[in-house]
Amino acid sequence: MRRLISLRANHNYSKNQNRVMRKFIRKELPKKEGASTKSFEKGIASMIVVEDLIDYLWCFDEYNFVHERGRVQLAFAILILTLLGIRPGEIVESSCWRNSNEGILYKDVTLSLMRVPGGQIIAMKVKLRNRKGDRETEGDKQMLNLTEDPTQRMICPVTHFLALALADGALEGINELSDLSRLKIPESSMSLLLGIKKHMADIPVLRAFDSNGQPSRDKILKAGSLAKQLHYLGQRAGYKDRLTPYCFRRWHGNKLDKAITAAQRRQRMGHKHDDTFQAYISRISGVDSQSIMLDQPQREELFDVLRSMAMDRQLDAPMPPGSKLTAPRRARPESFSPGQDYKILREMQRDEYLKEREDFFKRGPFERIETCQAEDAGEIEDDGVLVLPPRSASRFLSTVLKYQFSRAQVAKNFCQLAPGESLALADAVKPLMEMAKRDEKPAYYQTR
1 MRRLISLRAN HNYSKNQNRV MRKFIRKELP KKEGASTKSF EKGIASMIVV
51 EDLIDYLWCF DEYNFVHERG RVQLAFAILI LTLLGIRPGE IVESSCWRNS
101 NEGILYKDVT LSLMRVPGGQ IIAMKVKLRN RKGDRETEGD KQMLNLTEDP
151 TQRMICPVTH FLALALADGA LEGINELSDL SRLKIPESSM SLLLGIKKHM
201 ADIPVLRAFD SNGQPSRDKI LKAGSLAKQL HYLGQRAGYK DRLTPYCFRR
251 WHGNKLDKAI TAAQRRQRMG HKHDDTFQAY ISRISGVDSQ SIMLDQPQRE
301 ELFDVLRSMA MDRQLDAPMP PGSKLTAPRR ARPESFSPGQ DYKILREMQR
351 DEYLKEREDF FKRGPFERIE TCQAEDAGEI EDDGVLVLPP RSASRFLSTV
401 LKYQFSRAQV AKNFCQLAPG ESLALADAVK PLMEMAKRDE KPAYYQTR
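Residue 337 in the UniProt record's numbering sits at position 337 of the sequence shown, and the numbers go up by one each step.
Just so you know, the hints here were simulated from the structure itself, not pulled from any lab data.
No residue lacks a Cβ here, since even glycine has one placed at the ideal position from N, Cα and C.
Check each hint, because a few of them may be wrong.
[Claimed, not checked] Taking CB as the label site, the calculated pair distances span: (1) M293 to K362: 30 to 40 Å; (2) T37 to A418: 43 to 53 Å; (3) M311 to D257: 15 to 25 Å; (4) R19 to K141: 28 to 38 Å; (5) Q296 to F361: 31 to 41 Å; (6) E356 to M293: 37 to 47 Å; (7) W97 to R438: 19 to 29 Å; (8) R357 to F396: 14 to 24 Å; (9) R438 to M293: 53 to 63 Å; (10) M21 to F405: 54 to 64 Å.
[To be verified] Below 20 Å or equal to it, Euclidean Cα-Cα: the simulated PhoX-like pairs (lysine-lysine) are: (11) K107 to K198; (12) K127 to K197; (13) K107 to K219; (14) K107 to K141; (15) K228 to K42; (16) K38 to K27; (17) K412 to K402; (18) K42 to K240; (19) K240 to K355; (20) K125 to K198; (21) K27 to K15; (22) K240 to K38; (23) K362 to K42; (24) K125 to K197; (25) K324 to K402; (26) K127 to K198; (27) K402 to K430; (28) K228 to K343; (29) K228 to K240; (30) K127 to K107; (31) K197 to K107; (32) K437 to K219; (33) K219 to K197; (34) K412 to K430; (35) K324 to K228; (36) K141 to K127; (37) K38 to K23; (38) K355 to K343; (39) K42 to K255; (40) K362 to K240.
The task is simple: from the sequences and hints, build the whole structure.
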């Protein structure tokens, strides 16, 4: 509220006024006016959730994006939000800065080929020009580093960025994928800078789509659109908690809290005061006090899972309308006019889905066992414990992937490699780049 008043009315409250306002909101409003003190559930998307979401996005998701670049952009956004811990308004257009077309632009990214033991990799620096409270200053901006990881291409942000940049023709002197393999670092240098073309400097990396379903040439993706995409992705993947951009930021902050000093964490998270970070700490403790009391090593990986969204993932949870290739078309009631058809039926579908989803997550464990037995959705062991099968692509998606060659190759590259196995940069980037290109004629598949 203070920030909105400052932006719109150019007025800043004094410290004393802020103190009085906080006391009024926290103490007097609940007692005198009966204001609710409840808070929203704040989900944490740990790394196991991130990997599961991207795996689902490429290998099992039947949702039909308006353009397949949307799938590449969503995967890249998830990785950036997780690994850098930044706010969504720093990479796409913030709702507080409508029509600014500001976020991560190509000029904010610096790519370098650098030497490492055993070869060379691509390093990526991201300049944060749009940090909260620091957007309008032109001083030194914080820069964060990311590096290529040939053994984990699925969660490698550099791989995804290169695909988007090559699809847009944004790199100076690199017009074909084969040009990357010919790059060599001079013997006298530690690195080789890969420049951005001047006419691409102010073009957003993550872009919106036009009315023809094509990636816009210069319009940035909006924060509201990104939030909606993540919300529905989380539901399609079977997560109970609402998936938001801040789920990744909370995980980033909670991991940093264990590894660095408070001053370093404050700078990395973009906070002015340490107290702000308290809102990011999970209400579920990550301390394994049981092991501490028994003089045993803490089970950090286990406790990371226990306080993350992964605990409430259900593979058989209801999906939003339009998530399946075989979703039936609803008949239009005779009382509806054609003009009412689309809006009313969408509302009916949404309301029915939300009720079905609410009922699903309210069911007890034995109710779920009985339902899954009836629906043949899982296997029941002798002790009555439900064991859900791992995800598998439906035969309808498998058929579609026979014609979506690029996505099928991405799924093979990301999901079928053995752990620790390296994948060449060109092999990983090529299918992603093909998906991210602006097509002259979009392709649609008749699935109903």
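Hint check results:
Separated by about 35 Å at the C-beta atoms, M293 and K362 satisfy the suggested range of 30 to 40 Å. For T37 and A418, the hinted distance range of 43 to 53 Å is satisfied, since their beta carbons lie about 51 Å from each other. The hinted range of 15 to 25 Å is satisfied by M311 and D257, whose Cβ atoms lie roughly 20 Å apart. In this structure the supplied range 28 to 38 Å holds for R19 paired with K141, their Cβ-Cβ distance being about 32 Å.
One distance hint, 31 to 41 Å for the beta-carbon pair Q296 and F361, holds here, with the actual separation near 34 Å. Checked against the given bound of 37 to 47 Å, the beta carbons of E356 and M293, roughly 44 Å apart, stay inside it. Against the hinted window of 19 to 29 Å, the Cβ-Cβ separation of W97 and R438 comes to about 26 Å, which satisfies the hint. A C-beta distance of roughly 22 Å is found between R357 and F396, which places it inside the suggested range of 14 to 24 Å.
The beta-carbon spacing between R438 and M293, approximately 59 Å, falls within the hinted interval of 53 to 63 Å. Here the CB-CB span from M21 to F405 is close to 59 Å, well matched to the stated 54 to 64 Å. Taken as a hint, the K107 and K198 pair is honoured in the structure, with Cα atoms around 9 Å apart against an allowance of 20 Å. The suggested pairing of K127 with K197 holds, with an alpha-carbon distance near 17 Å, which does not exceed 20 Å.
For the hint pairing K107 with K219, the CA-to-CA distance comes to about 15 Å; that is within 20 Å, so the pair holds. With a CA separation close to 13 Å, the supplied pair K107 and K141 stays within the 20 Å bound. Of the supplied pair hints, the one linking K228 and K42 holds, its CA atoms being roughly 17 Å apart against a limit of 20 Å. In summary, the hint linking K38 to K27 is supported, as the alpha carbons are separated by about 14 Å, within the 20 Å threshold.
Taking the CA atoms of K412 and K402, the gap is about 12 Å. The hint holds against a cut of 20 Å. For a cut-off of 20 Å, the pair hint linking K42 to K240 stands: about 12 Å separates their Cα positions. In summary, the hint linking K240 to K355 is supported, as the alpha carbons are separated by about 13 Å, within the 20 Å threshold. Distance restraint check for K125 and K198: the Cα-Cα separation of roughly 18 Å lies within the 20 Å cut-off, and the hinted pair is therefore satisfied.
About 18 Å separates the Cα atoms of K27 and K15, which keeps this hinted pair within 20 Å; it holds. Distance restraint check for K240 and K38: the Cα-Cα separation of roughly 19 Å lies within the 20 Å cut-off, and the hinted pair is therefore satisfied. Our distance criterion of 20 Å between C-alpha atoms is met by K362 and K42, whose separation comes to about 19 Å. A hinted pair counts as satisfied when its Cα atoms are at most 20 Å apart, and K125 with K197 qualifies at roughly 17 Å.
Between K324 and K402, the direct Cα distance comes to roughly 17 Å. Compliance with the 20 Å bound is thereby established for this hinted pair. Straight-line distance between C-alpha atoms of K127 and K198 comes to about 17 Å, which keeps the hinted pair within the 20 Å bound. A threshold of 20 Å between alpha carbons decides the hint, and for K402 with K430 the separation of about 17 Å falls inside it, so the pair holds. Restraint check for K228 and K343: the C-alpha separation of about 18 Å stays at or below 20 Å, so the hint holds.
For the suggested pair K228 and K240, the alpha carbons sit about 16 Å apart, so the restraint of at most 20 Å is met. A distance of roughly 9 Å separates the Cα atoms of K127 and K107; the hinted pair therefore holds under the 20 Å criterion. For the hint linking K197 to K107, the alpha-carbon distance of about 9 Å falls within 20 Å, and the restraint holds. With a CA separation close to 15 Å, the supplied pair K437 and K219 stays within the 20 Å bound.
For the hint pairing K219 with K197, the CA-to-CA distance comes to about 18 Å; that is within 20 Å, so the pair holds. In summary, the hint linking K412 to K430 is supported, as the alpha carbons are separated by about 13 Å, within the 20 Å threshold. A C-alpha spacing of about 18 Å is found between K324 and K228, which places the hinted pair at or below 20 Å, so the restraint holds. Restraint check for K141 and K127: the C-alpha separation of about 6 Å stays at or below 20 Å, so the hint holds.
A C-alpha spacing of about 17 Å is found between K38 and K23, which places the hinted pair at or below 20 Å, so the restraint holds. For a cut-off of 20 Å, the pair hint linking K355 to K343 stands: about 19 Å separates their Cα positions. For the given pair, K42 sits about 16 Å from K255 by alpha-carbon distance, which is consistent with the 20 Å threshold. Between K362 and K240 the alpha-carbon distance is near 11 Å, which keeps this suggested pair within the 20 Å criterion.
Taken one by one, the earlier hints all hold for this structure without exception.
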